[in-house]
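J.: Chain by chain, the residues:
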Amino acid sequence: DAMVIQNPRYQVTQFGKPVTLSCSQTLNHNVMYWYQQKSSQAPKLLFHYYDKDFNNEADTPDNFQSRRPNTSFCFLDIRSPGLGDAAMYLCATSRVNNEQFFGPGTRLTVL
Amino acid sequence: KQEVTQIPAALSVPEGENLVLNCSFTDSAIYNLQWFRQDPGKGLTSLLLIQSSQREQTSGRLNASLDKSSGRSTLYIAASQPGDSATYLCAVSGHKFYFGSGTKLNVKP
Numbered sequence: 210d211a212m213v214i215q216n217p218r219y220q221v222t223q224f225g226k227p228v229t230l231s232c233s234q235t236l237n238h239n240v241m242y243w244y245q246q247k248s249s250q251a252p253k254l255l256f257h258y259y260d261k262d263f264n265n266e267a268d269t270p271d272n273f274q275s276r277r278p279n280t281s282f283c284f285l286d287i288r289s290p291g292l293g294d295a296a297m298y299l300c301a302t303s304r305v306n307n308e309q310f311f312g313p314g315t316r317l318t319v320l
Numbered sequence: 282k283q284e285v286t287q288i289p290a291a292l293s294v295p296e297g298e299n300l301v302l303n304c305s306f307t308d309s310a311i312y313n314l315q316w317f318r319q320d321p322g323k324g325l326t327s328l329l330l331i332q333s334s335q336r337e338q339t340s341g342r343l344n345a346s347l348d349k350s351s352g353r354s355t356l357y358i359a360a361s362q363p364g365d366s367a368t369y370l371c372a373v374s375g376h377k378f379y380f381g382s383g384t385k386l387n388v389k390p
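First to last, the protein sequences are chains A and B.
Quick note on our numbering: the first sequence kicks off at 210 and runs consecutively.
Quick note on our numbering: the second sequence kicks off at 282 and runs consecutively.
What the hints contain is simulated information worked out from the structure, not anything from laboratory work.
What you are looking at is a predicted structure, and each value in this text was computed from that prediction instead of being measured.
Possibly wrong hints are sitting among the right ones.
[Claimed, not checked] The following residues of chain B were derived to be distant from chain A, with all beta-carbon distances above 12 Å:
1) Asn303
2) Gln315
3) Pro321
4) Leu329
5) Gln332
6) Glu337
7) Val388
[Stated by the list, open to error] Between beta-carbon pairs, the in silico distance windows are:
8) B:Ala290 / A:Pro270: 23 to 31 Å
9) B:Asn299 / A:Phe282: 37 to 45 Å
10) B:Thr339 / A:Gln223: 47 to 55 Å
Note that CB positions come from ideal geometry on N, CA and C, so glycine has one too.
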């Protein structure tokens, strides 16, 4: 089945220790998104790629970076995680202006 | 900037009841509107997508409507079941997606 896969599902890191979350897709969609979602809140868009074009949200902290080496893969790097970065991180894909498909998410805990 | 509001924030109904969830948005210049379901600790599952040129979409017991001119969408769930308990989110697409905060639905057996 075509799908969006996120690894790991659960990530525990220490304060200030860099972490990388990964997302892969078999849908061959040209747009990929990273969202941060905290408890009982709406998903907050961090950035998205339209093919290789990177689009950063104005309020996304510099601590968050992303890479998309090819159509199928996208990575979220958190350079120095703080306690406030503990959240669910969601990856999604779509064709332009079309239906979004989400992965299962990665739950990040910062100790 | 697009603002998306979902009312109510939480809803509890007995099993078998028909119910309506509401979504409103401030900018009618959208490409589409999508309804999602989210179970606790999980990702978002797409339920229905309504393109801006459409008025409604149906899937099983779910029916979603879209009125762009008034900036409103509704999700109608027929004959609710305990398995429908989840948070329901709507998202509107302009150049990117804007989400509401969701309605947390509890269907009591």
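J.: For every hint, state whether the structure bears it out.
T.: Do the hints match the structure? See the list:
Listed as a non-interface residue, B:Asn303 keeps its Cβ farther than 12 Å from every Cβ of chain A; the least gap is roughly 15 Å. Taking the minimum C-beta to C-beta distance to chain A, about 6 Å, the non-interface status of B:Gln315 is violated against the 12 Å cut. A beta-carbon of chain A is positioned within 12 Å of the beta-carbon of B:Pro321; the least distance is around 10 Å. For B:Leu329, the shortest C-beta to C-beta distance to chain A comes to about 9 Å, within the 12 Å cut-off, and the non-interface label is violated.
Not every Cβ of chain A is farther than 12 Å from the Cβ of B:Gln332; the closest lies at roughly 9 Å, contradicting the non-interface assignment. The beta carbon of B:Glu337 sits about 16 Å from the closest Cβ of chain A, which is more than 12 Å, so the claim that it is off the interface holds. No beta-carbon of chain A is positioned within 12 Å of the beta-carbon of B:Val388; the least distance is around 19 Å. The hint said 23 to 31 Å for the Cβ distance between B:Ala290 and A:Pro270, and at roughly 27 Å that hint holds.
Distance hint for B:Asn299 and A:Phe282: a CB-CB separation of about 43 Å, consistent with the stated range 37 to 45 Å. Distance hint check for B:Thr339 and A:Gln223: the Cβ-Cβ separation is about 49 Å, which falls inside the suggested range of 47 to 55 Å.
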